[in-house]
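Asks: One letter stands for each residue in the lines below.
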Amino acid sequence: MTASTVGLVGAGGIAQVHLPGWLDLGFDVVVHSIDGKARELTDRFGGRAVDSMDELLDAAQIVDVVTPTDTHRLIVERAAAAGKHVVCEKPLALTVADSAAMIAACSRAGVRLFPAHVVRYFHAYTAMQAAVAAGRVGTPAAQRFYRIGSAPKQPWFRDRARSGGLAMDQLIHDFDQARFSAGEVETVYATRTGDEGAGPTTVQAILRHRSGTITHVNGVWGRPGLGFRYGFTVVGPDGLLEHDSLRYPVLQYDGLADADKGYLPPVDPASSPYTAELADFARAIRDGSPARVSAEDALEAVRIATAVNRSIDEHTEIALDTAPSLHAGDDREGER
Amino acid sequence: MKVGIISFAHTHALSYAAILRDRSDVECVVTDPDHALRPAGESGGRALAESIGVGYLDTVDELLAWHPDAVIVCSENARHVDDVERAAAAGAHILCEKPLATTRPDAVRIIDACDRAGVSLMTAFPVRFTPQYAELRHRLQSGALGEVLSISGANNGRLPAERAWFTDPVLAGGGAVADHTVHVADLVFGLFPGVDAVKVFAVANRMLHADREAETAGLVSIEYSNGVTAVIDCSWSVPDHYPTWGGLTMRVIAEGGNAELAPFAERVDGFSETDRSPVWLSYGVDLDAAMLDEFLSAVAVGRRPVPDGLDGLRALEVVLAAYESIATGHPASVHQDSPDISSV
Chain U
3 MTASTVGLVG AGGIAQVHLP GWLDLGFDVV VHSIDGKARE LTDRFGGRAV
53 DSMDELLDAA QIVDVVTPTD THRLIVERAA AAGKHVVCEK PLALTVADSA
103 AMIAACSRAG VRLFPAHVVR YFHAYTAMQA AVAAGRVGTP AAQRFYRIGS
153 APKQPWFRDR ARSGGLAMDQ LIHDFDQARF SAGEVETVYA TRTGDEGAGP
203 TTVQAILRHR SGTITHVNGV WGRPGLGFRY GFTVVGPDGL LEHDSLRYPV
253 LQYDGLADAD KGYLPPVDPA SSPYTAELAD FARAIRDGSP ARVSAEDALE
303 AVRIATAVNR SIDEHTEIAL DTAPSLHAGD DREGER
Chain H
4 MKVGIISFAH THALSYAAIL RDRSDVECVV TDPDHALRPA GESGGRALAE
54 SIGVGYLDTV DELLAWHPDA VIVCSENARH VDDVERAAAA GAHILCEKPL
104 ATTRPDAVRI IDACDRAGVS LMTAFPVRFT PQYAELRHRL QSGALGEVLS
154 ISGANNGRLP AERAWFTDPV LAGGGAVADH TVHVADLVFG LFPGVDAVKV
204 FAVANRMLHA DREAETAGLV SIEYSNGVTA VIDCSWSVPD HYPTWGGLTM
254 RVIAEGGNAE LAPFAERVDG FSETDRSPVW LSYGVDLDAA MLDEFLSAVA
304 VGRRPVPDGL DGLRALEVVL AAYESIATGH PASVHQDSPD ISSV
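Keeping their order, the protein sequence lines are chains U and H. This note's numbering numbers the first residue of the first sequence as 3 and each following residue consecutively. This note's numbering numbers the first residue of the second sequence as 4 and each following residue consecutively.
Hints are not guaranteed to be accurate.
What the hints assert, rightly or not - With a Cα cut of at most 16 Å, we get these calculated EDC-like pairs of lysine to aspartate or glutamate:
1) Lys5(H) <-> Asp296(H)
2) Lys202(H) <-> Glu320(H)
3) Lys202(H) <-> Glu316(U)
4) Lys39(U) <-> Asp53(U)
5) Lys202(H) <-> Glu319(U)
6) Lys5(H) <-> Asp25(H)
I should point out that these hints are in silico values taken from the structure, not numbers from a laboratory.
With the hints as extra help, turn the sequences into a complete structure.
Replies: Next up, the structure:
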């Protein structure tokens, strides 16, 4: 059956990007959200609000889960059991065990699982990763990644039990990128300052890769009004690649009244990485080939982020738990 | 004023000599007796002094017999202590290249020697003299940015290829960690008077310029007594043929907003068709000249220059803790009996 309808679960910040993205790609979209905001969303962007998960699962061939992270596993497993392909917002889950269980559930049900690691579709990162893969810097020796912005306003982001905090929710992108360019991470050391629950907070992390590469990752959830900014430096024996998101603007305004500076980066709709991401997932579903980022990649990013949070709590370097965790159907994973 | 320079081992000496040559109130003489000990092909000695246009004497004894008011010590890091002790004993005020020494006992000997002789001791941290750093410090101390949470610093440069000793762990006290951690560490100390570095975690590798004995890339995490954390990228990670030597950046993350400091950012960009390479015309305040001005002004009026020997010692203690962490794989306390770094 050709997938023509997407069931969007959740109506928060990222739903406002995914909904128009799916509609642009020609999908019908039904939206369900337990906070009652689905109709508000569909009134604004299009699509049809539905009142229950059952109704959503009846209508959709693809389920896109854009709810708070602590609810991902339950919803993904339910969608998989209903035989739907699943797109899941990053981070996949708050633990490696939950991530593995979700992968196993989708595998058992014979459906695909795509993690919405959108930075994999940001052009500066794809250009850098392609150059690294082509050997243009050699094996990276030292890397720096940063991701800075005002803290998200929805309270659940500031509850570590729900979002995993700054390291899990925001720096997961940079952990994924660092692993993409320099390979598996063996140990992490991290500090956090500021109150993770409210007010500005920042995480500094140092990663050691199996390749010998060392990586610095810095993230900020800052005060309202702090602009969104991200960038990287990747250096190897044969060259250097660097980028800052504010450095080469295509269009700049000046003299306007202060605009609201949200926690998501401004994107050009014509080349939106969010739409490119959803298009890649739709293509992968259509032709059965891999997407640019796999659920296994997402699990590994969760593994790094959980180790970073442990390092913050235990004030020491943490070796990543590298026990095998991807045996489909191995439910004991969840108890490890 | 008579200013002597001991050794061209550190190439900053070339910059200092040229600046002093152009000052009408200064007479500058260099000695570089260890030139012969450096590998063949490295510049130095009388020929280098003449090419810059400053005076030259063959030995440290001759230089000190000339009775300089002040001496700038630019020998290999491990040799700072002997040169400072001799020059201070001869009554000269001292500006010592960074890092102050390669071990804590040597750094303490340097400070004690200057105290005993009643001469000033300054550590060469020129980036402190960035005007925008002074503005940032003023803004932070006025409370305009609220509490500082954390700092991301990077001091990256090319491998200092014109002198082999920089990658000799015995003479240099290490590699990139010893050479490039101290500038940002000093800038952070300068922002927080009275605050101590408490704990350091560091990692390093030799993947860049793998033929060298010392580490060429490093990341140093520092926790301070006021709760601030910092990470410093001290890597010699600027490619050999990059259009500039490198640079330094510092992001201060505070409750009231962030500040990004890039003292070497000012430049005109371009491209040379003749050279088929980018053009990078740096400009801005000559930080070496500003630092020498502070040193000579302090000497002239008999006040303590800033940053002083204790500032040099504190930055060195961070480096020593970083090497301890690299050796053990665990966070290290910043303490007063750090191991001899040349043994790591």
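Asks: With reference to the structure, classify each hint as holding or not holding.
Replies: Each hint tested on the structure:
1. The hinted pair formed by lysine 5(H) and aspartate 296(H) meets the criterion: a straight-line CA distance of about 14 Å does not exceed 16 Å.
2. Our distance criterion of 16 Å between C-alpha atoms is met by lysine 202(H) and glutamate 320(H), whose separation comes to about 11 Å.
3. With a C-alpha separation of about 14 Å, the suggested pairing of lysine 202(H) with glutamate 316(U) holds against the 16 Å cut-off.
4. Distance check on the hinted pair: lysine 39(U) and aspartate 53(U) sit about 11 Å apart at the alpha-carbon level, within 16 Å; holds.
5. Distance hint between lysine 202(H) and glutamate 319(U) is fulfilled; the C-alpha atoms sit about 13 Å from each other, no more than 16 Å.
6. With a CA separation close to 13 Å, the supplied pair lysine 5(H) and aspartate 25(H) stays within the 16 Å bound.
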